[in-house]
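Take the given structure of chain A and dock chain B to it, following the hints.
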Amino acid sequence: MSVIKPLPRWADLILLPFINLCTAFFVCGIVVYIIGENPWDALMVMLKGAFIYPGSLGYTLYYTTNFIFTGLAVATAFHAKLFNIGGEGQAYVGSLGVLLAAALFAQYLPSLLVIILCICCSALFGAAWAIIPGYLQAKRGSHIVITTIMFNFLASSLMVWLLSGILMEKGQQSPQSNLLPESIRLPKVQDAFEFLGVNISSSPMNLSFIVALIALLLFWILIWKTRLGYEIRAVGKNQDAATYAGINVSRIIIITMTISGAFAGLLAVNEVMGVQNRVILNYTAGYGFTGIAVALMGRNHPIGIFFASLLFGVLFQGGTELDFEFQSITRDMVLLIQGLIILFSGALAYMYNPTVSKIFSKIEKRSKKNG
Amino acid sequence: MADFFLQILWTLDATLRVATPLILCAMAGIFSERSGIVDISLEGKLLSGAFVAATIASLTGSAWLGLSGAIIASVLMSLLHGFACITHKGDQVVSGVAINFLASGITVILGIAIFKRGGQTPTLNLNERFRPIELWFTESINNIPIIGTIYRELISGHSLLVYLALICVPLASFILYRSRFGLRLRAVGEAPIAVDSAGVSVTWVRYRALIIGGIFCGIAGAYLSISHGAFFLREMSAGKGYIALAAVIFGNWRPVRAFVACLLFGFLDAVTSRLQGVDLPIIGEIPSALMIALPYILTILLLSGFIGRPTPPSAIGVPYKK
Numbered sequence: 001m002s003v004i005k006p007l008p009r010w011a012d013l014i015l016l017p018f019i020n021l022c023t024a025f026f027v028c029g030i031v032v033y034i035i036g037e038n039p040w041d042a043l044m045v046m047l048k049g050a051f052i053y054p055g056s057l058g059y060t061l062y063y064t065t066n067f068i069f070t071g072l073a074v075a076t077a078f079h080a081k082l083f084n085i086g087g088e089g090q091a092y093v094g095s096l097g098v099l100l101a102a103a104l105f106a107q108y109l110p111s112l113l114v115i116i117l118c119i120c121c122s123a124l125f126g127a128a129w130a131i132i133p134g135y136l137q138a139k140r141g142s143h144i145v146i147t148t149i150m151f152n153f154l155a156s157s158l159m160v161w162l163l164s165g166i167l168m169e170k171g172q173q174s175p176q177s178n179l180l181p182e183s184i185r186l187p188k189v190q191d192a193f194e195f196l197g198v199n200i201s202s203s204p205m206n207l208s209f210i211v212a213l214i215a216l217l218l219f220w221i222l223i224w225k226t227r228l229g230y231e232i233r234a235v236g237k238n239q240d241a242a243t244y245a246g247i248n249v250s251r252i253i254i255i256t257m258t259i260s261g262a263f264a265g266l267l268a269v270n271e272v273m274g275v276q277n278r279v280i281l282n283y284t285a286g287y288g289f290t291g292i293a294v295a296l297m298g299r300n301h302p303i304g305i306f307f308a309s310l311l312f313g314v315l316f317q318g319g320t321e322l323d324f325e326f327q328s329i330t331r332d333m334v335l336l337i338q339g340l341i342i343l344f345s346g347a348l349a350y351m352y353n354p355t356v357s358k359i360f361s362k363i364e365k366r367s368k369k370n371g
Numbered sequence: 001m002a003d004f005f006l007q008i009l010w011t012l013d014a015t016l017r018v019a020t021p022l023i024l025c026a027m028a029g030i031f032s033e034r035s036g037i038v039d040i041s042l043e044g045k046l047l048s049g050a051f052v053a054a055t056i057a058s059l060t061g062s063a064w065l066g067l068s069g070a071i072i073a074s075v076l077m078s079l080l081h082g083f084a085c086i087t088h089k090g091d092q093v094v095s096g097v098a099i100n101f102l103a104s105g106i107t108v109i110l111g112i113a114i115f116k117r118g119g120q121t122p123t124l125n126l127n128e129r130f131r132p133i134e135l136w137f138t139e140s141i142n143n144i145p146i147i148g149t150i151y152r153e154l155i156s157g158h159s160l161l162v163y164l165a166l167i168c169v170p171l172a173s174f175i176l177y178r179s180r181f182g183l184r185l186r187a188v189g190e191a192p193i194a195v196d197s198a199g200v201s202v203t204w205v206r207y208r209a210l211i212i213g214g215i216f217c218g219i220a221g222a223y224l225s226i227s228h229g230a231f232f233l234r235e236m237s238a239g240k241g242y243i244a245l246a247a248v249i250f251g252n253w254r255p256v257r258a259f260v261a262c263l264l265f266g267f268l269d270a271v272t273s274r275l276q277g278v279d280l281p282i283i284g285e286i287p288s289a290l291m292i293a294l295p296y297i298l299t300i301l302l303l304s305g306f307i308g309r310p311t312p313p314s315a316i317g318v319p320y321k322k
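Line order of the protein sequences matches chains A and B. Residue 282 in my numbering sits at position 282 of the first sequence, and the numbers go up by one each step. Residue 189 in my numbering sits at position 189 of the second sequence, and the numbers go up by one each step.
In short, the hints are calculated from the structure, not lab data. Be aware that one or more of the hints could be misleading.
Over the 12 Å line for every Cβ pair with chain B, so calculated as not near, a few chain A residues [unchecked claim]:
no.	residue
1	Gly36
2	Met44
3	Pro54
4	Ala106
5	Leu109
6	Met150
7	Leu217
8	Leu218
9	Val275
10	Asn277
11	Gly304
12	Asp332
Derived Cβ-Cβ restraints for the label pairs, each shown as a range [said to hold, decoys possible]:
no.	chain 1	residue 1	chain 2	residue 2	range
13	B	Phe306	A	Leu218	33 to 41 Å
14	B	Leu79	A	Met44	33 to 41 Å
15	A	Leu47	B	Leu79	31 to 39 Å
Every beta carbon over 12 Å from chain B, so not counted as near; a handful from chain A, in silico [said to hold, decoys possible]:
no.	residue
16	Lys48
17	Ile116
18	Gln173
19	Pro187
Everything numeric in this text was worked out from a predicted model, so none of it was measured. Using N, Cα and C, we set each Cβ at its ideal position, and we do this for glycine too.
Extracted from the complex, chain A is given alone in its bound form (with noise of 0.2 Å):
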């Protein structure tokens, strides 16, 4: 086998990711041509639907603040080497933070001082659900993927006996909690705009998308300025060189679970405190596993998560907007998507580098003899 040629920085950076991403689209295209409809027209649709309708941006930012939260989970953990698969589950444990503050606090506090609790602990219950796996991995040896996943499954064991039981709403027979009070509810979009005057459709966007960029920017400053974001990638490079730096590999393991779980914990502030306003079964909805796609795509990067988290929601958006447009492609679309950019953009990421390097050395040696 010949050495391959590490490629440029813009193009591992840019190109791989882009071509990766135009196979995924491309297979998603072929699927859509089978089943009888026009590939074309089903992307148009579903632009149409993310970003021209009334109020459909909104809805697009709504679900780009979801994975925004989720694809951080799961890229704290990469630069790792962890792989957290429980964010579903920590963001649903998450929510139970938000109910118990919400219970505590806000009949005694002032709502802003409350809705500061809300959200600090709904982090904390999402890192309370994922230190134990990391705990499991760093002390005893378990594997955090296999043990993320059982705790995707607890936390769902877990929450459908709570809302079935005790958090149930008084009266009511559906899997649901109570709503929260109105002073904790944290104001949508149109309503900051109206505030200021100018009137735009409704949506579910909500201020927790401030939360979500302010989120991107902690990441960026964690773990790229700080001693302990060092001593994270460290690990994740080499977890016998880190060791032998000093570095305390078992404590950064389970550090870095925790930050990743209370990333994932925060998905509850959009969805409870910003749009349901109370903890519905499933209320996840599978965002925690979106954000394994997020990260992968955006390169556990906090501008390539932010893109990679508006991709998802264009396609979240646009993907119900097929629901209404077509008779046989529905938003299970999405699914299929996913499936495939985790495939071409994470387990087959490299698999276009030799041909890109090959074409890359053949450029050059051309400019070379001409020059």
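The following block gives chain B in isolation, referenced to the frame of chain A:
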């Protein structure tokens, strides 16, 4: 007393029915993982097998064609897994997650495109399914007390695929521990470099392990939709692939122990549905959420070394680079 005896037999009977897909998937998981490939994708292969089985059975009217289609679909998924993480040395967990997503998406999309019933296939009639088989001598043994009842209620009257699953366990054991291929497969999972230096292709051994796993998962999928059930329903695998993975770990990556784990998890499932709303003496009513969570709790306890010590294959999860 006789009633209680029958109750136990029925629970065990249900155990066997519920455990069948778990057993098949667990054997698939063992082959894949013993060769050094993490197999999160059991769930996706199971689901695609179930879909293709029901679809083909419904279109052609033949359960056997359905079964073959399920096996082919599941093996194709396995090959995709292999292409990503053997040929291109991609991350095995990522590839597995991708396959699970692909399966959930494509089964519903194709289901809607073919049948226009929101992802569900039409209900299959008896000829399109694997029917329960009455084993030999059921009539003549029937009169013998206890043994006759056990034979009639528990051992006889399952579909062919249940018996096939039961045969798969000794078969898997034999292949793994008594054949040359099995020796190589286990060696590839422990020390691929040693196998490579002996002149055996690590890649080919791992591919074959995945293909065998695909066959098992395909049968399991067919069992779900054209034997145990009578149609395909979206997400009908409902986490069974993950439970099977838990059983693999619980069984310490050995066929017979994993089989016992599957029976245990199946038993928990069967008991849960029997005990729904039943007030037990002393303990009271057991919350079914707890019973559903029990397999996961047990696996976590085992994995963390609180009950026994798991010994996964040493080379698991590591792509082999020459």
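So, going through the hints one by one against the coordinates:
Listed as outside the interface, Gly36 (chain A) is inconsistent with that label: its C-beta sits roughly 7 Å from the nearest C-beta of chain B, within the 12 Å cut-off. The beta carbon of Met44 (chain A) sits about 19 Å from the closest Cβ of chain B, which is more than 12 Å, so the claim that it is off the interface holds. The claim that Pro54 (chain A) is not at the interface with chain B holds, since no C-beta of that chain comes within 12 Å of its own (minimum 29 Å). Every C-beta of chain B lies more than 12 Å from that of Ala106 (chain A), the closest at about 28 Å, which supports listing it as non-interface.
Non-interface status of Leu109 (chain A) relative to chain B is upheld: no Cβ of that chain comes within 12 Å, the nearest being about 33 Å off. Not every beta carbon of chain B lies more than 12 Å from that of Met150 (chain A), the smallest distance being close to 4 Å; the non-interface claim is violated. No Cβ of chain B comes within 12 Å of the Cβ of Leu217 (chain A); the nearest lies about 27 Å off, and the non-interface call holds. Listed as outside the interface, Leu218 (chain A) is consistent with that label: its C-beta sits roughly 26 Å from the nearest C-beta of chain B, beyond the 12 Å cut-off.
Non-interface call for Val275 (chain A) relative to chain B: holds, since the shortest CB-CB distance, roughly 24 Å, exceeds 12 Å. Chain B leaves Asn277 (chain A) outside its interface by the beta-carbon criterion, the shortest separation being 25 Å against a cut-off of 12 Å. Every C-beta of chain B lies more than 12 Å from that of Gly304 (chain A), the closest at about 16 Å, which supports listing it as non-interface. With a minimum CB-CB distance of about 4 Å to chain B, Asp332 (chain A) fails to clear the 12 Å threshold, and the non-interface call is violated.
For the pair Phe306 (chain B) and Leu218 (chain A), the beta carbons lie near 36 Å from each other, so the given range of 33 to 41 Å is met. For the hinted restraint 33 to 41 Å between Leu79 (chain B) and Met44 (chain A), the CB-CB distance of approximately 34 Å keeps it satisfied. Taken as a hint, the range 31 to 39 Å holds for the pair Leu47 (chain A) and Leu79 (chain B), whose Cβ atoms sit roughly 34 Å apart. Every CB of chain B is more than 12 Å from the CB of Lys48 (chain A) (nearest about 21 Å), matching its label as outside the interface.
The Cβ of Ile116 (chain A) lies farther than 12 Å from every Cβ of chain B, with a closest approach of about 32 Å, so its non-interface assignment holds. At roughly 16 Å, the least C-beta separation between Gln173 (chain A) and chain B is larger than 12 Å, which holds for a residue marked as non-interface. With a least CB separation of 34 Å from chain B, Pro187 (chain A) remains clear of the 12 Å interface cut-off, as annotated.
In the structure shown, a violation is registered for the earlier hints numbered 1, 6, 12, in ascending order.
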